[in-house]
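Protein chains in written order, with the working numbering: chain U, 66 to 410; chain B, 66 to 410; chain P, 66 to 410; chain W, 66 to 410.
Note that these hints are calculated values from the structure, not bench results. Worth double-checking, as some hints may not be accurate.
Any copy, or any two copies together, can satisfy a pair, since identical chains are not distinguished.
Said to hold, decoys possible - Lysine to any residue pairs mimicking SDA-like chemistry, simulated, CA-CA at most 20 Å apart:
no., residue 1, residue 2
1, Lys396, Glu71
2, Lys396, Pro172
3, Lys179, Phe345
4, Lys397, Met335
5, Lys179, Glu221
6, Lys379, Val194
7, Lys289, Arg140
8, Lys112, Leu365
9, Lys367, Leu321
10, Lys290, Leu365
11, Lys112, Glu398
12, Lys405, Pro172
13, Lys379, Asp188
14, Lys289, Asp350
15, Lys227, Met87
16, Lys379, His196
17, Lys371, Ala119
18, Lys396, Gln327
19, Lys396, Thr89
20, Lys112, Asp188
21, Lys397, Glu92
22, Lys289, Arg230
23, Lys290, Trp191
24, Lys112, Glu197
Number of protein chains: 4
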Amino acid sequence: MMIRFECDYTEGAHARIMKRLMDTNEEQTPGYGMDEHCERARAYIRKACQAENADVHFLVGGTQANTTIIASILRPHQGAVAASTGHIAVHETGAIEATGHKVLTLPSDDGKIKAEQVKELYDAHWNDVTHEHMVQPGLVYISHPTENGTTYSKSELEAISKVCRECGMPLVMDGARLGYGLTAKDSDLSLADIARLCDVFYIGGTKVGALMGEAVVIVNDALKKDFRYSIKQHGGMLAKGRLLGIQFETLFEDGLYYEISQHAVDMAMMIREAFAEQGFSFRYDSMTNQQFPILPNEALLKLSEKYSFSHWEKVDAENSAVRFCTSWATKKENVEMLIKDIKAL
Amino acid sequence: MMIRFECDYTEGAHARIMKRLMDTNEEQTPGYGMDEHCERARAYIRKACQAENADVHFLVGGTQANTTIIASILRPHQGAVAASTGHIAVHETGAIEATGHKVLTLPSDDGKIKAEQVKELYDAHWNDVTHEHMVQPGLVYISHPTENGTTYSKSELEAISKVCRECGMPLVMDGARLGYGLTAKDSDLSLADIARLCDVFYIGGTKVGALMGEAVVIVNDALKKDFRYSIKQHGGMLAKGRLLGIQFETLFEDGLYYEISQHAVDMAMMIREAFAEQGFSFRYDSMTNQQFPILPNEALLKLSEKYSFSHWEKVDAENSAVRFCTSWATKKENVEMLIKDIKAL
Amino acid sequence: MMIRFECDYTEGAHARIMKRLMDTNEEQTPGYGMDEHCERARAYIRKACQAENADVHFLVGGTQANTTIIASILRPHQGAVAASTGHIAVHETGAIEATGHKVLTLPSDDGKIKAEQVKELYDAHWNDVTHEHMVQPGLVYISHPTENGTTYSKSELEAISKVCRECGMPLVMDGARLGYGLTAKDSDLSLADIARLCDVFYIGGTKVGALMGEAVVIVNDALKKDFRYSIKQHGGMLAKGRLLGIQFETLFEDGLYYEISQHAVDMAMMIREAFAEQGFSFRYDSMTNQQFPILPNEALLKLSEKYSFSHWEKVDAENSAVRFCTSWATKKENVEMLIKDIKAL
Amino acid sequence: MMIRFECDYTEGAHARIMKRLMDTNEEQTPGYGMDEHCERARAYIRKACQAENADVHFLVGGTQANTTIIASILRPHQGAVAASTGHIAVHETGAIEATGHKVLTLPSDDGKIKAEQVKELYDAHWNDVTHEHMVQPGLVYISHPTENGTTYSKSELEAISKVCRECGMPLVMDGARLGYGLTAKDSDLSLADIARLCDVFYIGGTKVGALMGEAVVIVNDALKKDFRYSIKQHGGMLAKGRLLGIQFETLFEDGLYYEISQHAVDMAMMIREAFAEQGFSFRYDSMTNQQFPILPNEALLKLSEKYSFSHWEKVDAENSAVRFCTSWATKKENVEMLIKDIKAL
């Protein structure tokens with residue numbers, strides 16, 4: 066049996082979540098997120114974000130969350146600014162375009178964008194005499210951590226937030242792996258910082274302990290109106306909404322979200338160290354649950370006999386960057402086995 | 066504590082499904098529906114449909130399924146023909162329109178449409194000299210059972226199917242409550258009939274024993290291509306797809322789907338009989354899990370002290386039609402209590 | 066050679082417009098409506114509307130104008146309220162739906178809607194507990210004159226406008242035939258009234274003397290922002306925008322628009338009278354350039370030997386309603402010949 | 066008075082077109098392109114293309130034509146492959162995205178794309194294991210001449226066409242300036258070649274002698290169905306369609322289109338030579354009606370006193386690329402004056 070490090074959604078849910086789902090299974094609740102579990106989960110999340118006035122909505126998945134948020138914010142002639150590597154730019158089968166909006170990409174190698182890039186794109190648009198013939202930048206989308214495992218520092222996020230506010234473009238953060246960013250050892254960003262600096266963001270559950278589910282937090286009052294219509298229109302209004310409420314309640318009532326995120330990051334750091342000790346370099350400098358070592362083909366082949374992981378990109382004829390993911394569910398004994406095999410390469 | 070008959074998604078999932086989710090929780094599987102549970106569930110469903118070549122996809126919810134199916138079939142200038150009461154026409158916040166398509170409605174009181182209506186609409190379109198200025202009917206959407214609990218007989222469905230094929234319009238069936246239609250006592254339609262007569266349909270799990278999930282069955286080869294792109298674009302590609310596979314595997318490996326559907330229908334028939342015996346009439350003639358008695362206001366008020374149910378429509382100053390739903394989860398003791406209270410009205 | 070009364074766009078443009086196009090043909094101007102002709106035309110129109118702060122944009126056709134306006138105003142989950150007979154509801158191949166929005170129809174026989182209907186639909190939406198599952202009414206669209214030749218009185222329009230403002234739904238008027246409404250003998254509505262009561266409307270040129278062109282007037286400040294982006298996105302930004310400017314300049318510099326509209330209405334009244342004198346009744350009570358007599362089949366056949374006109378609808382086995390259109394271009398001698406032939410029926 | 070070389074749509078229409086519009090002004094014709102002028106124009110164009118079975122439709126402008134064509138061809142999950150500089154990628158305010166489709170860009174400096182690039186993008190998509198999560202390339206869009214004045218040779222177009230057919234992706238050519246490409250002195254591509262190698266293309270009128278209008282030629286039978294619905298839905302069904310028919314009739318009945326295109330190209334070559342003789346280099350190597358000399362700032366300032374032209378891009382602190390356009394309407398005396406002023410720089 067292959068040991069899977071290919072992604073961070075290979076298992077079901079954390080045992081405490083499964084237990085809670087069992088315990089509540091026979092409860093009768095109203096549908097569509099209007100139940101008490103959702104209410105409690107919202108309260109926990111608002112508190113964790115230090116954002117008492119935020120609206121919190123529960124959606125099933127990341128593409129759904131991104132599409133619903135972005136389509137709800139933009140006017141038809143506006144686009145979403147994102148890294149060229151951004152999930153919405155590359156890996157959502159044109160879901161954003163399907164709602165009528167262009168993704169305006171900024172070049173990025175490591176998945177991050179810079180405040181200056183945003184400002185330059187904004188200025189370039191408005192200084193162009195033919196700007197009415199071009200898609201107007203309408204919001205800025207970032208991922209934290211990025212698809213490449215990298216994270217924004219507090220000062221970087223503050224700079225982006227500042228530009229966004231000056232330019233009147235809401236800042237949207239895709240937090241599908243947010244837990245792994247919050248617990249990265251070099252991270253100085255708290256949930257409260259994110260709530261202070263972003264207009265809308267979401268806290269990923271699918272990849273961080275839940276069966277499925279993303280908690281969308283709308284901090285900016287101007288973007289709150291009618292969001293539930295938008296959820297329903299995009300097929301994201303889960304009939305048994307309490308399933309999402311129960312999961313986020315469990316994750317946030319006493320810090321489980323952080324605890325299991327930390328575990329994944331710790332496991333990733335062990336793997337990272339093992340690769341580094343063997344002299345391998347990394348495609349991206351990630352301190353989160355995704356690690357991108359560059360391996361010679363034979364090492365890659367050897368490891369793939371026992372472990373599944375993602376081929377990321379060919380670096381040259383002899384070497385490829387690959388991705389190893391850990392998660393809340395990663396077993397320490399599997400990591401230790403992997404490390405032993407890395408050392409044996 | 067209120068006893069809920071307001072809808073058919075007030076509880077979690079059937080105990081056997083919950084157990085299976087627990088048992089498989091630590092398994093590592095590939096994502097996006099490419100796992101073995103999904104494969105097995107697909108095989109069971111194909112067999113149940115006697116449609117060995119059908120494609121089977123698992124989506125999370127009904128609005129998502131309707132939107133994904135319809136957007137995948139129609140060309141931009143085409144619309145979906147539906148009953149004026151149809152779910153896509155009324156209760157999906159314009160999800161179909163959001164993909165660019167008009168819903169072309171046929172008048173219906175009980176939720177059903179007739180083959181002749183479809184033919185008339187089709188002829189009216191093509192005989193109009195300005196037809197290029199009008200939305201072209203591109204497919205026909207029906208629900209079985211309908212939102213009003215009514216069902217199509219085999220001969221009715223055959224007639225609609227025949228018209229659709231003559232006119233080149235795929236027939237799409239929304240089966241969010243399909244189990245309750247298949248086990249209705251007056252029903253002569255089998256899953257195999259449906260697979261033979263429809264081009265695409267789905268088997269509802271959300272309202273029939275699962276936490277969530279709809280199994281989309283594409284019978285018509287011409288409509289199979291690239292459907293997974295469509296799922297992803299509409300945000301319906303569940304990362305942990307195996308959750309849906311596990312649930313449908315459980316529902317279809319040995320007939321659980323029928324068994325629990327039958328239970329709901331039996332419970333509904335008991336309620337129906339109780340109301341009928343008390344001399345109440347019904348807004349729709351439903352043999353499925355939804356019952357629509359017309360109650361005097363005082364009876365309605367009396368029952369609402371103990372039970373939750375949906376107010377459907379005002380019939381006159383003194384009477385309203387209401388909806389009582391049963392489901393796979395309905396407890397017999399609750400139904401018996403309700404019946405006692407009905408008899409006491 | 067058939068004499069055409071089938072519609073109001075059978076000829077080119079008014080002679081003065083053609084002359085002006087010839088006279089200005091070699092002028093070099095900037096593109097996209099930024100030329101001096103457009104500027105002058107805008108000034109004339111603002112003055113005629115007594116709306117000095119209105120934004121005026123020139124588009125090529127009616128469907129384009131409706132789509133651009135409506136898509137620019139609505140949020141994605143909102144729909145446009147219109148008469149069931151409205152042009153956007155029936156005759157634009159789903160152009161509104163193609164921008165993602167449902168057309169919410171109100172029953173209408175003569176093309177008009179009533180303030181009370183709008184209020185009822187609005188209340189029904191917001192009073193429905195499941196309103197988030199339904200398309201939210203976002204604006205109200207009316208035509209003046211309607212597709213059936215009928216017009217709104219000042220008090221009717223005031224009532225609709227009042228409801229719209231109370232409900233926060235912009236009022237949009239399709240004025241493709243506006244000239245024929247303004248000069249109808251029973252009309253008490255001026256351009257200034259329309260500018261006062263509507264949020265956006267357009268003054269039709271295509272059917273009233275121009276080769277093509279509709280002047281969109283945005284009165285409501287909140288709806289002005291970025292409208293030129295919307296025009297460009299919907300393919301309505303005419304490269305040689307001055308062509309539209311020149312035409313509207315000619316139509317509005319000294320009242321030509323009213324003068325030629327009056328001519329069309331006078332011709333229509335002559336035809337109306339002739340049919341009435343012969344004892345024919347009318348499908349709609351129109352005082353504008355479209356007349357809808359109900360004719361026995363033999364009369365219809367007789368007239369169709371010499372004249373083209375539109376078959377509107379079958380009234381019974383023996384009779385059909387037809388449409389005769391006049392326009393700015395209708396020749397009096399043709400009308401007199403038609404009248405003679407009507408009298409001979 | 067500024068002499069305008071800023072674009073190729075600064076005047077009205079060619080004198081023969083204006084005369085024809087005058088001569089036919091009082092004719093009564095059916096609307097929407099069903100008149101005899103349109104029929105004749107279609108016949109002339111089919112003949113010029115040596116494509117007797119092609120469908121020919123007349124639209125008003127380029128963005129409208131691109132959007133209508135592309136939206137009509139693609140399925141929802143597909144995108145249009147284009148040069149990064151392509152008009153649909155940059156200058157149509159996201160019109161393609163507004164119909165739900167991503168523009169998949171290929172890097173290009175001079176506006177052209179290469180067959181190999183198309184093949185690589187196609188292969189990269191289909192070889193990616195996550196291709197269902199990415200927009201599928203569905204057609205290839207090129208401009209001829211490009212926005213940069215460059216043209217495809219016959220062998221280049223044959224190579225692109227071959228790849229497109231092997232990959233099942235229709236080839237769409239934007240011919241907004243097609244005349245200027247056909248008559249470029251280094252061009253070996255005829256209309257017949259284009260009709261043979263492309264699936265859909267259009268022959269630009271707006272920039273080549275007409276008031277407005279683009280003739281869309283659909284060669285591929287599979288793409289012909291229901292195109293008029295698509296035109297209407299996108300607001301491009303001109304009520305007085307005969308205006309477009311009359312113009313294209315005039316342009317194609319005896320070669321006027323080529324004759325006036327040749328004139329523009331000749332004028333452009335004179336300007337090109339003058340700049341070259343003065344030692345200026347060019348941003349793009351254009352043999353068509355757009356010329357892109359790189360000028361020192363002082364020369365640029367000097368010329369801008371008397372002539373309008375477009376600033377294209379800053380090359381360095383001292384130099385900028387600018388664009389001078391000629392057209393069918395360019396007066397030789399103005400070109401001679403410009404040349405004198407160039408020589409005096």
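Hint by hint, here is what the structure shows:
no.	hint	verdict
1	Lys396 to Glu71	within (14 Å within a copy, 43 Å between copies)
2	Lys396 to Pro172	neither (36 Å within a copy, 44 Å between copies)
3	Lys179 to Phe345	neither (28 Å within a copy, 38 Å between copies)
4	Lys397 to Met335	within (10 Å within a copy, 55 Å between copies)
5	Lys179 to Glu221	within (7 Å within a copy, 39 Å between copies)
6	Lys379 to Val194	between (42 Å within a copy, 14 Å between copies)
7	Lys289 to Arg140	both (15 Å within a copy, 13 Å between copies)
8	Lys112 to Leu365	neither (45 Å within a copy, 41 Å between copies)
9	Lys367 to Leu321	neither (36 Å within a copy, 45 Å between copies)
10	Lys290 to Leu365	neither (50 Å within a copy, 34 Å between copies)
11	Lys112 to Glu398	neither (35 Å within a copy, 41 Å between copies)
12	Lys405 to Pro172	neither (38 Å within a copy, 44 Å between copies)
13	Lys379 to Asp188	between (36 Å within a copy, 15 Å between copies)
14	Lys289 to Asp350	neither (36 Å within a copy, 42 Å between copies)
15	Lys227 to Met87	neither (45 Å within a copy, 46 Å between copies)
16	Lys379 to His196	between (39 Å within a copy, 17 Å between copies)
17	Lys371 to Ala119	neither (46 Å within a copy, 35 Å between copies)
18	Lys396 to Gln327	within (13 Å within a copy, 43 Å between copies)
19	Lys396 to Thr89	between (28 Å within a copy, 16 Å between copies)
20	Lys112 to Asp188	neither (37 Å within a copy, 36 Å between copies)
21	Lys397 to Glu92	between (36 Å within a copy, 16 Å between copies)
22	Lys289 to Arg230	within (17 Å within a copy, 22 Å between copies)
23	Lys290 to Trp191	between (28 Å within a copy, 14 Å between copies)
24	Lys112 to Glu197	neither (42 Å within a copy, 27 Å between copies)
Hint compliance for this structure: hints 2, 3, 8, 9, 10, 11, 12, 14, 15, 17, 20, 24 are not met, and every other hint is.
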